[in-house]
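Residues per chain, in single letters:
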Amino acid sequence: MRKLFTLMVAVVGIFLFYFTFQAAAAVFYTDWDLPNSSEQDEGVPRIVLIMNEIDHPFWRGVTSGAEEKAVEMDIDLDVSGIYGNNTDDFLRKIEIAIYSKVDGIIVQGLDHEKFKELTKLKAASYGIPVLTVAHDVPKEESLRKTYVGSDQFEAGELLAEQLLKDMGKAGEVILMIDSEQAYFQRQRLEGIEHYLADYPDISVIEAKIGAESDQGLSSVNDLLNHFPQAASFVAVNASYTEELVKEIETRRKVEPYYIYTFDEERGAYALLEDGKIDGIVEQSPKEMGRLSVELMSEWLQKDSLPLDIEGYFTDIQIVKDLSGQ
Amino acid sequence: MKHLQKKIWLLAIVVLIIMVIIWISLTYYNQKMQDQYNQILERYLIINELNMVSQEMVTSLNAYLLDPSDANFRTIERRKNRVGQLYDQVTAFRNTDNESELTNYTNLTASLIEMTERSVNFQISDETDTAKAALNEAIHIADYVSEMRLSVIDKELRTYDIFYREMIERSEKLTELGVWLLVTIILMLLFFTYWFSLRITKPLEKLTESAKRLSKGQFDREIEADSKDETAILAKTFEQMRININNLFIETTQKAKLEAELQESKYLLKESQLLSLQSQINPHFLFNTLNTLSKKAYLEGSEETSDLLVSIADLMRYNLRHMDKPTALHEELYVLNQYIQIQKARYTDRLTFVTEIDEACLDVQIPGLTLQPIVENAIIHAVEPSEDGGTIMFRIKNALNHVVIEVEDDGPGMTEEKIDALMSARAVNSEKGTGIGFKNVVQRLKLFNSSDHVVDIQSISGKGTKISLFILKERSEMGYDQSSYSG
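Heads up: the sequence lines are chains A and B, in that order. Anchor point for the first sequence: position 313 equals 313 in the UniProt record's numbering, and the numbering is continuous, going up by one each time. Anchor point for the second sequence: position 32 equals 32 in the UniProt record's numbering, and the numbering is continuous, going up by one each time.
Check before you lean on any hint, since a few could be wrong.
Just a few of them, taken from the derived set where beta-carbon distance is under 10 Å, the chain A residues facing chain B [as the list claims (entries may be wrong)]:
1) 20
2) 27
3) 96
4) 101
5) 102
6) 270
7) 299
8) 318
With a cut-off of at most 30 Å between alpha-carbon atoms, the simulated DSS-like pairs for lysine-lysine come out as follows [as the list claims (entries may be wrong)]:
9) 93(A) x 114(A)
10) 132(B) x 116(A)
11) 286(A) x 132(B)
12) 101(A) x 302(A)
13) 122(A) x 80(B)
14) 80(B) x 101(A)
15) 255(B) x 3(A)
16) 122(A) x 202(B)
17) 93(A) x 208(A)
18) 236(B) x 114(A)
19) 93(A) x 418(B)
20) 155(B) x 3(A)
21) 155(B) x 101(A)
22) 3(A) x 6(B)
23) 93(A) x 155(B)
24) 101(A) x 202(B)
25) 120(A) x 132(B)
26) 202(B) x 3(A)
27) 122(A) x 132(B)
28) 173(B) x 202(B)
29) 132(B) x 93(A)
30) 255(B) x 266(B)
31) 101(A) x 114(A)
32) 3(A) x 7(B)
If you are wondering where the hints come from, they were derived from the structure by calculation, not from laboratory data. All residues carry an ideal CB built from backbone N, CA and C; glycine is no exception.
Let the hints inform the model, and build the full structure from the sequences given.
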């Protein structure tokens with residue numbers, strides 16, 4: 001009996017000691033997962049990548065390419081985009097970047113007065129190089145160091161070439177643009193028009209959509225009413241694509257129309273897969289990101305390196321259908 | 001009491017040490033948590049203050065542009081300096097996680113300072129418009145500072161999120177630890193106290209038990225003590241006492257036994273002396289009797305010889321039978337009468353034997369053949385020498401606790417010297433060879449009564465002699481007749 005009691009006390013004692021020590025260890029074990037104080041010296045360049053629609057697949061491509069390169073080159077890259085298309089917010093980001101005295105700004109070009117002013121005056125006065133990516137702005141207006149992205153003029157030509165191939169050498173082509181007419185859209189437009197200028201049977205119509213449209217085209221719906229003869233639509237501003245397809249579908253079949261767009265449109269590939277559109281100009285967003293970071297870093301490290309003021313063009317191609325990819 | 005004290009101290013110290021360890025570790029832990037927490041809180045406060053002072057700087061800049069007084073200028077300067085200080089502090093907060101936000105933040109404030117300075121400079125050089133433009137820009141930047149502060153704090157919060165969670169978790173674990181500790185300590189204390197008290201009380205209990213045994217008179221069991229403290233000393237002393245008592249006890253018993261043996265051997269000695277004395281009597285008596293017989297036969301022929309022979313035979317028989325045993329007085333008296341018969345046959349009219357007997361005393365025990373030698377002596381000394389013969393008075397008187405036997409004769413008496421010699425039982429050279437008989441009787445009576453006062457001799461020269469024997473009615477001497485004469 002006594003022995004049993006002693007044994008019980010011992011067992012309970014061991015049990016208690018075990019749990020007490022366990023609890024004590026849990027309490028006193030210090031494993032603060034706190035970040036180390038920065039040992040980065042001031043020499044590491046800080047580059048900001050600023051863009052609209054940060055969640056857009058196209059821009060995600062750019063961002064991922066840039067980030068990859070930044071890690072590779074040991075550069076402090078801060079991706080500072082906005083969601084949606086708010087110009088004020090976008091410009092604000094640029095301004096913050098300038099006042100924050102970053103070493104370089106890689107920015108989606110915006111054909112806007114304020115943008116130009118910021119890049120030309122503010123950035124210059126703070127000595128911050130600006131590099132446009134994907135969308136360019138005229139070099140003389142923005143004082144950008146260079147441009148990295150697709151040659152939009154060539155993209156226009158490429159698209160026109162494909163259009164010609166598909167549609168034939170006659171027909172009415174509607175080029176959908178927005179009322180703001182961003183620089184890159186104009187370049188594309190020029191490219192298409194330049195290419196199609198040689199074919200007199202093709203009538204090219206620039207359709208400005210939006211409240212400020214002088215043609216009275218406040219919506220895609222108006223466009224269809226306005227140009228019932230159209231054989232082909234080119235969404236120079238790619239964001240109109242989906243609306244266009246939807247509107248046409250409410251009236252008649254989509255197939256007879258030759259519809260082309262650019263890969264900035266989110267739903268473009270899905271539409272292509274469904275056979276509702278006929279081609280997408282595909283750019284290389286990842287390559288843009290990589291190249292822009294690389295060029296910026298090179299520029300920062302070797303000030304003397306002359307950057308091609310005309311820009312560094314990344315690959316573009318026409319995607320007809322996904323099976324062909 | 002050193003050992004017990006030490007034990008108690010030990011227990012107290014162990015408990016104290018445990019308490020102190022727990023207290024210290026908890027305090028240390030708490031302090032650490034507090035430090036960590038304060039540090040983080042301080043970061044927030046400083047980050048926030050940088051923004052606040054920046055805003056204030058812009059406000060004071062605005063005031064200065066509206067009213068370019070020295071006081072306002074100094075306010076700007078003061079706030080600028082403060083911003084500068086905070087700038088340094090916040091810069092020190094940089095870590096791998098918040099690097100870009102924090103750098104942006106600090107650089108923004110730096111830009112703000114620059115812009116403020118520019119504005120002030122323009123104002124000083126009276127370019128009011130430019131100064132105003134710079135102020136606007138400064139307001140802008142202040143706005144950005146405010147915005148960036150939010151992202152910095154946001155980032156900080158996200159960084160320290162784990163820490164907060166861990167802190168909450170730890171405080172829960174601390175509670176858990178508290179419970180475990182409480183239970184463990186309670187159990188430990190209970191166990192130690194039990195063990196400890198057992199170590200103190202167990203030897204005491206044993207000791208108590210031993211004491212009880214001793215008080216009951218059991219001295220043969222050893223007192224054990226397996227402890228090393230005071231109780232052991234107590235037990236040792238106790239044990240020594242027990243051994244001493246035990247030894248004394250055994251010694252006393254042995255002494256008593258020895259004494260008993262000694263006593264017995266004394267008795268044996270006395271018995272053997274008595275036997276040897278009695279064996280001395282028989283030849284005398286036989287000699288005397290035979291002497292008488294021969295004289296009778298010589299004088300008168302054989303008429304009364306047969307009667308005498310009967311008497312002799314009685315005597316002989318009595319002697320043979322009662323030699324070694326105390327006999328009742330009446331039996332002794334009977335034998336004495338037989339003897340007188342014989343002597344009367346010898347002396348005829350010359351011997352007058354008068355008895356005066358208290359019948360109540362006849363059951364008293366006396367040694368065998370006590371009276372006859374005395375009477376014989378009286379006959380020899382008082383009757384025989386006289387031609388006219390003599391009278392012998394024989395009395396048995398009852399006294400308080402003894403019986404007095406008196407033998408009185410009217411003979412020539414004895415000298416004082418002779419009386420003294422007889423009384424002191426020294427060797428007496430009797431003229432007629434009967435001294436031995438008297439002495440023997442006295443000696444035996446002395447042994448029998450265990451007293452020296454057994455005989456009294458009164459003698460008047462020419463008138464006679466009176467011999468008194470004192471026989472105790474109840475003998476104090478135990479076991480004389482039972483054990484000594486059993487053989």
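Hint consistency between residue 286(A) and residue 132(B) [alpha-carbon to alpha-carbon, up to 30 Å]: violated, 44 Å
Residue 122(A) and residue 132(B): Cα distance at most 30 Å? Roughly 17 Å between the alpha carbons, so the hint for residue 122(A) and residue 132(B) holds.
Next item in the hint list is residue 318(A). Is there a CB on chain B closer than 10 Å to its CB? Violated - the Cβ of residue 318(A) stays beyond 10 Å from chain B, reaching only about 39 Å at its closest.
Straight-line alpha-carbon gap residue 155(B) to residue 3(A), limit 30 Å: It is violated: about 62 Å lies between the C-alpha atoms, which goes past 30 Å.
Take a quick look at whether residue 80(B) and residue 101(A) sit within 30 Å of each other, Cα to Cα. holds, 19 Å
Would the hint linking residue 101(A) and residue 202(B) be met if the CA-CA limit is 30 Å? Violated: residue 101(A) and residue 202(B) sit about 85 Å apart, past 30 Å.
Regarding the pair residue 255(B) and residue 3(A), is the alpha-carbon distance no greater than 30 Å? Measuring from Cα to Cα gives roughly 52 Å; hence the hint is violated.
Chain B contact restraint for residue 96(A) - C-beta distance below 10 Å: With a closest approach of 5 Å, the residue 96(A) hint holds.
Taken at face value, is the distance from the CA of residue 6(B) to the CA of residue 3(A) at most 30 Å? Distance of about 28 Å is within 30 Å: holds.
For a C-alpha distance cap of 30 Å, please report whether residue 255(B) and residue 266(B) respect it. holds, 16 Å
Given pair status - residue 208(A), residue 93(A), alpha carbons within 30 Å: holds, 29 Å
Tell me if the straight-line CA distance from residue 132(B) to residue 116(A) falls inside 30 Å. holds, 23 Å
The structure fails to meet hints 6, 7, 8, 11, 15, 16, 18, 19, 20, 24 and 28 from the earlier list, while all remaining hints are met.
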